[in-house]
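S.K.: Here the protein sequences come in this chain order: A and B. Residue 522 in the numbering used here sits at position 106 of the first sequence; the count goes up by one each step and never skips. Residue 640 in the numbering used here sits at position 112 of the second sequence; the count goes up by one each step and never skips.
Please note that a few of the clues may not be correct.
[Unchecked claim] Straight-line distance between alpha carbons at most 20 Å, and here's what the computed EDC-like set of lysine to aspartate or glutamate pairs gives:
id, chain 1, residue 1, chain 2, residue 2
1, A, 492, B, 659
2, B, 710, A, 500
3, A, 513, A, 425
No lab work stands behind these hints: they were computed from the structure.
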Amino acid sequence: QKVTVAVLDHLEHLALVDFRDSEGVEQLQKAIQFADQLHEVNTDGVEPMDSVLEDRCVYLREDDVTEGNCTKELLKNAKEKVEEYFVAPPGNIPLPKLEERDSFLQ
Amino acid sequence: AARGYGGAWCQAWQRGAGFPNLATRGQRAVACNARGGAVPAGKCGLAPWVPVVGLEVHAQISSNSKLFSGSQVQFSAPPNSLVSFFDASLPGTLPVLNRRCVEAAVMTGLALNCSINKKSLFDRKHYFYADLPAGYQITQQRVPIAVNGSLSYTLCIGNKMSQMVTKTVRIKQIQLEQDSGKSLHDDTRSQTLVDLNRAGIGLMEVVMEPDMCCGEEAAAAVRELQLILQTLGSSQAVMAEGQLRVDANVSVHHPGERYGVRTEVKNINSLRFLAKAVDYEIQRQIEELEKGGTILNETRAFDSKLGCTVPMRDKEGKQDYRFMPEPNLPPLILYDAKSLPANMNHQQVVNIDWIHERLPDLPSVKRAKLVEHYGILPEHSFTLLNEDGLTEFFENVVKQTQMKPKKVIGWILNDMLGYLKQHSLTVKESPVSYFLLADLLNLLEKKEISSTAAKQVLAELWKGEGKTPLEIVKEKKLELLRDQKELEEICQVVIDGQENE
Chain A
417 QKVTVAVLDH LEHLALVDFR DSEGVEQLQK AIQFADQLHE VNTDGVEPMD SVLEDRCVYL
477 REDDVTEGNC TKELLKNAKE KVEEYFVAPP GNIPLPKLEE RDSFLQ
Chain B
529 AARGYGGAWC QAWQRGAGFP NLATRGQRAV ACNARGGAVP AGKCGLAPWV PVVGLEVHAQ
589 ISSNSKLFSG SQVQFSAPPN SLVSFFDASL PGTLPVLNRR CVEAAVMTGL ALNCSINKKS
649 LFDRKHYFYA DLPAGYQITQ QRVPIAVNGS LSYTLCIGNK MSQMVTKTVR IKQIQLEQDS
709 GKSLHDDTRS QTLVDLNRAG IGLMEVVMEP DMCCGEEAAA AVRELQLILQ TLGSSQAVMA
769 EGQLRVDANV SVHHPGERYG VRTEVKNINS LRFLAKAVDY EIQRQIEELE KGGTILNETR
829 AFDSKLGCTV PMRDKEGKQD YRFMPEPNLP PLILYDAKSL PANMNHQQVV NIDWIHERLP
889 DLPSVKRAKL VEHYGILPEH SFTLLNEDGL TEFFENVVKQ TQMKPKKVIG WILNDMLGYL
949 KQHSLTVKES PVSYFLLADL LNLLEKKEIS STAAKQVLAE LWKGEGKTPL EIVKEKKLEL
1009 LRDQKELEEI CQVVIDGQEN E
């Protein structure tokens, strides 16, 4: 079962990945096939596990102020800043539609 | 009870002459089907419409530090000064859950009659935005901390407050999640400035089922929720400071048919705007559908200046959040008296029963107690609770005066509250303290002054010149005459005067 172009396009939109060429798509295909082997295991009556931490319970921290006040350090890595704000583009720039962009997927 | 937020909006809806002129919004009202049937047919004789309104309320948790980090929670601070490495999503940082935030969510869940999930999980909700540095928000999508509750609220029918009806909206769930940072849009320079002070603050998202049908109901429900949160202390819930944010989901359909396509309305900054936004959107959808159009499943923003909803940029197309379990957080386990293991570290325990035992009286209970204790009317209790500090003021006056509470309440709700509103003051800012008012009412009760004189004295007191009621009475000679002989003499003069005519 191949991954459709529609799904690949959807993924490129969501994750801003670029499948670039047939090799990229093939890699994805192989990864899915590899993971699909899990379906061969009989899991009837077994609770799904989504974390190896499932038997622990989360640690609870006291409500004390212990961090912050490091504006300079945080802004050190910013490419652009204005006063003490990070600068970002005016809004999300969505990936153009498949027909309108240069993509291997076409 | 909701009053003034939507009273006008829930009268019978009249279609103006010609096609809907949305500019005359001031005159318009949307009939509320809550009282009975659906919105009546328009002049075209088309089938009636049933509006459906569901709300998602985000309340900022009142805590010292953030949900998963130790940076401070504060409304106003220099940009990016209340930000830890985790909040900025620097590599190598991990979330550490704040116990106070868990307790706040449990309190709120209990107050809203929810079942508290003893085991709840955290998930990642992915989307890109400049104020979400990690590219995902940690939330509770699969198994939230509380589910299946209810919220009762009251509406006034008609113009008098005396006719009140109680309604209930089901609470689907309450989940803990992170707040995002703040984006300041600088359109002139085509850029966005990002401040992460708010990023990571704990939120309780209260999801309500679509049990409401108009703006008035929505505003009333949120108002009651606000009072509950403030009473619990789990959130200060001040809408103006962004501590309480409401998104409305609105759709319309014909009775008996499937629910229509819904739109989400965001950017609502006050209860008044909530009512307006919801009613506008209901109207917009009805008009669109009646002229043969369709409703898009989109996100719209409420424009308070124009009083309408507009499509929101950056939200075109349906979002796919690709939820996945948060791998860095084990399940959140809560205990009650029964399930609590013997030698657990206190600090690591959130005990649902312990919290339940310490819940304060909720607004509905407070109101009932006021009515029972003081013999005031139910609608009086609503007004008392609705105004911050007014209940305390009333109770203090009652303690200091011989006047019956049933009479005192009139002075509080009509005179005092009237003056407060006139001068846009809160109870705390009142130039007339409770003992000054009590003094005045005592004079009235002892029949040393008349009721009219008392009102005059109150007006003087409001000037805040520091005089006592007694001083003002003497100054303006407002004492009631008691001396029989003096009264007879005055009456005689009046009678004589009449006889001469």
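S.K.: Hint by hint, say whether it matches the structure.
M.R.: Hints, verified against the model:
no.	hint	verdict
1	492/A with 659/B	18 Å, holds
2	710/B with 500/A	13 Å, holds
3	513/A with 425/A	9 Å, holds
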